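Between the sequences and the hints, there should be enough to build the whole structure, so can you do that?
Residue-level listing of the chains:
Number of protein chains: 2
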Amino acid sequence: MIGIAEVARYAGVSTATVSRALSGNGHVSPATKLKVETAARELGYVVSSTASSLASGRMKNIGVVVPFLNRWFFTSVVEGAQRALLRNGYDLTLYNLTGDGIERQSVFEHFLLRQRVDAVIAVSLELTEDEIFRLHALGKPLVGVGGLIEGVRTLAIDDIAVARLATEHLLGLGHTRIAHIGGSQHYDLDFHLPTNRRFGYEAALTAAGIPLDPELDEDADFTIQGGYHAAKQLLGRPHGRPTAIFAASDEMAIGSILAARDLGLSVPRDVSIVGIDDHELAEFFGLSTIAQFPQGQGEKAVEILLDQLHPGQHDQVELNTPLPVKLIVRSSTARPGE
Amino acid sequence: MIGIAEVARYAGVSTATVSRALSGNGHVSPATKLKVETAARELGYVVSSTASSLASGRMKNIGVVVPFLNRWFFTSVVEGAQRALLRNGYDLTLYNLTGDGIERQSVFEHFLLRQRVDAVIAVSLELTEDEIFRLHALGKPLVGVGGLIEGVRTLAIDDIAVARLATEHLLGLGHTRIAHIGGSQHYDLDFHLPTNRRFGYEAALTAAGIPLDPELDEDADFTIQGGYHAAKQLLGRPHGRPTAIFAASDEMAIGSILAARDLGLSVPRDVSIVGIDDHELAEFFGLSTIAQFPQGQGEKAVEILLDQLHPGQHDQVELNTPLPVKLIVRSSTARPGE
DNA sequence: GTGAAAGCGCTAACAC
DNA sequence: GTGTTAGCGCTTTCAC
Chain A
1 MIGIAEVARY AGVSTATVSR ALSGNGHVSP ATKLKVETAA RELGYVVSST
51 ASSLASGRMK NIGVVVPFLN RWFFTSVVEG AQRALLRNGY DLTLYNLTGD
101 GIERQSVFEH FLLRQRVDAV IAVSLELTED EIFRLHALGK PLVGVGGLIE
151 GVRTLAIDDI AVARLATEHL LGLGHTRIAH IGGSQHYDLD FHLPTNRRFG
201 YEAALTAAGI PLDPELDEDA DFTIQGGYHA AKQLLGRPHG RPTAIFAASD
251 EMAIGSILAA RDLGLSVPRD VSIVGIDDHE LAEFFGLSTI AQFPQGQGEK
301 AVEILLDQLH PGQHDQVELN TPLPVKLIVR SSTARPGE
Chain B
1 MIGIAEVARY AGVSTATVSR ALSGNGHVSP ATKLKVETAA RELGYVVSST
51 ASSLASGRMK NIGVVVPFLN RWFFTSVVEG AQRALLRNGY DLTLYNLTGD
101 GIERQSVFEH FLLRQRVDAV IAVSLELTED EIFRLHALGK PLVGVGGLIE
151 GVRTLAIDDI AVARLATEHL LGLGHTRIAH IGGSQHYDLD FHLPTNRRFG
201 YEAALTAAGI PLDPELDEDA DFTIQGGYHA AKQLLGRPHG RPTAIFAASD
251 EMAIGSILAA RDLGLSVPRD VSIVGIDDHE LAEFFGLSTI AQFPQGQGEK
301 AVEILLDQLH PGQHDQVELN TPLPVKLIVR SSTARPGE
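Line order of the protein sequences matches chains A and B.
Position 158 of the first sequence, counting from 1, maps to 158 under the UniProt record's numbering, and the rest follow consecutively.
Position 105 of the second sequence, counting from 1, maps to 105 under the UniProt record's numbering, and the rest follow consecutively.
If you're looking for bench data, these hints aren't it; they were derived computationally from the structure.
Note that the structure is a prediction, hence the values are computed from the model and not measured.
A few of these clues could be false.
Pairs count within a copy or across copies, as identical chains cannot be separated in the list.
Under the rule of at most 25 Å between Cα atoms (straight-line distance), these lysine to any residue pairs were calculated in the SDA-like manner [as the list claims (entries may be wrong)]:
hint : residue 1 : residue 2
1    : K140      : G3
2    : K33       : N88
3    : K140      : E215
4    : K232      : L263
5    : K33       : Q105
6    : K60       : Q105
7    : K35       : R114
8    : K35       : S106
9    : K140      : N25
10   : K140      : L43
11   : K33       : I102
12   : K140      : I160
13   : K326      : I102
14   : K60       : I102
15   : K326      : A207
So this is what it looks like as structure tokens:
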């Protein structure tokens, strides 16, 4: 292992100068800087991140905590975060909390607190007060993505507004019997996201003067399978079949499309279906949806954190811009048939 | 930040003893060990991983490099690896090589080599000789998952055998016009996986005395969309429609099922379809497939690496057990219709 | 079984 | 702008 001393000797300068030249902290004349860089390259020198971290207190590493990995939203956020971090010379350490609470406790007790990360991104994860307290106590910036965390800067779309917009899209087309497929209480662990989307749906109906019909509300688990099952129940009933379905996620909306097909119903002629996400399969299924941009959310989370870690070094992140969403109308929604 | 010194003082021992007691390296009397553990807990002490790494040379961190994240196979491997690492007190640093080659170079130049990881898992990634050489030069164990890497211990199913098995399943049911949807040359970047699966398909047909028909071979990109498009071409032709399709991945097989439905063909009555993977949606679509177990592959990769890092400390990993695969027959395959 | 002390390789004052 | 040097907080010989 070739160290900073060799580089210094080779370049004919001190180790301090090598450190400064390579890290960009502190002033070094352009000439020496070049000399050092050349020396480092020729010797194949790479800083020891542990030594560097120990001396500087900076890890150049941020922790990303997700509840699952096998979901489009989460992996997209991680991809976005990864890309932004790579650009800035940071590593991404991934903590996947799938499974029992023991894993979760372990992550907090022994990993995050082990001074391995400069900051933490919590994706769709409700942290306990204690967990937040401990992170704050360590001076670790923390940002949430995908749901509100008490007392923590969070990046999340306005679930109520988005659900309302989706429902209004259906109302605007002339639908009045609009069903909702949303999350069950069980799924409400993180952030009341299902609850908020239901609120948006109900608000839109109420504003349009349409009474809520509990018969038109089915629970599902945010998967294609779950959406399929729920839609079957809604669309299979002999009387009062809805003419439109608002599913709280694209996965469930896709399941609904498949359910409609299996029942011999045509989308959108017999039933219109709208989702939320703009999932990678949404276009393939012609699904009308409200796009959110999870990769962008991951990138933005990183920018916010880096801004906190190095104030003023980055383009000022617009902290208060609401997250973008976009209604994308494809072929799964139309005016109700006669 | 409370350090090892405080714990030592609090427990009335030396820092050396604290280190030994907490890390399990070296002998400490049960009594002192208990004292130290109590002290550490009461003071809320957590080792500084950077200091520990610098002093010991161990990072307790392994790097996982993937070409994408938004694919079921990759996230499954990562999940499995993560779980196994967590159990062993290791962190997982994720490198996603999506995008241009610059990212890739950057990962190798500035990240992996920065002494951040003890070992590397490369998932479905063909490494260059130079990349392998550099990792070996650093003494970093390396294991590949999902494809052979020259000169590197690799975990991969036998693609030829698996493809052959899938094809034989169709042959055994009595099919003779069996189409293949596989990867294009373009996708062949990593490991000739598509090529190997094609070989297996061809071998099965040849062994059964069935001549290969280039008309029955379509390229796709391993996505649902790609499989859909390819299957449409195969199933839409007026003459010589295949009675069965072997798709080289479940995503493409699912796309094929959807294509058949859209053409008004019934699966499996009009066309049988088999895939490879046992994707999370396979059961939902009733897809017959050859299961591989990516989570298990990720776990096993970790076990192999830990075994190399701490020889003899773990249950001996069976290095030479072939990776398990399993034919799962569901409702997408049947005898050909009349 | 336990303690003393010498590093691990770098960064950041502080001097010049 | 550059060099000197004292740590950063542990681990690990080497004594005892």
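Results of checking the hints against the structure:
{"no.": "1", "hint": "K140 / G3", "in the structure": "between (30 Å within a copy, 18 Å between copies)"}
{"no.": "2", "hint": "K33 / N88", "in the structure": "within (20 Å within a copy, 42 Å between copies)"}
{"no.": "3", "hint": "K140 / E215", "in the structure": "neither (47 Å within a copy, 60 Å between copies)"}
{"no.": "4", "hint": "K232 / L263", "in the structure": "both (8 Å within a copy, 22 Å between copies)"}
{"no.": "5", "hint": "K33 / Q105", "in the structure": "between (46 Å within a copy, 23 Å between copies)"}
{"no.": "6", "hint": "K60 / Q105", "in the structure": "both (24 Å within a copy, 18 Å between copies)"}
{"no.": "7", "hint": "K35 / R114", "in the structure": "between (37 Å within a copy, 21 Å between copies)"}
{"no.": "8", "hint": "K35 / S106", "in the structure": "between (46 Å within a copy, 22 Å between copies)"}
{"no.": "9", "hint": "K140 / N25", "in the structure": "within (22 Å within a copy, 30 Å between copies)"}
{"no.": "10", "hint": "K140 / L43", "in the structure": "between (35 Å within a copy, 19 Å between copies)"}
{"no.": "11", "hint": "K33 / I102", "in the structure": "between (49 Å within a copy, 23 Å between copies)"}
{"no.": "12", "hint": "K140 / I160", "in the structure": "neither (30 Å within a copy, 50 Å between copies)"}
{"no.": "13", "hint": "K326 / I102", "in the structure": "neither (39 Å within a copy, 31 Å between copies)"}
{"no.": "14", "hint": "K60 / I102", "in the structure": "between (27 Å within a copy, 20 Å between copies)"}
{"no.": "15", "hint": "K326 / A207", "in the structure": "within (21 Å within a copy, 54 Å between copies)"}
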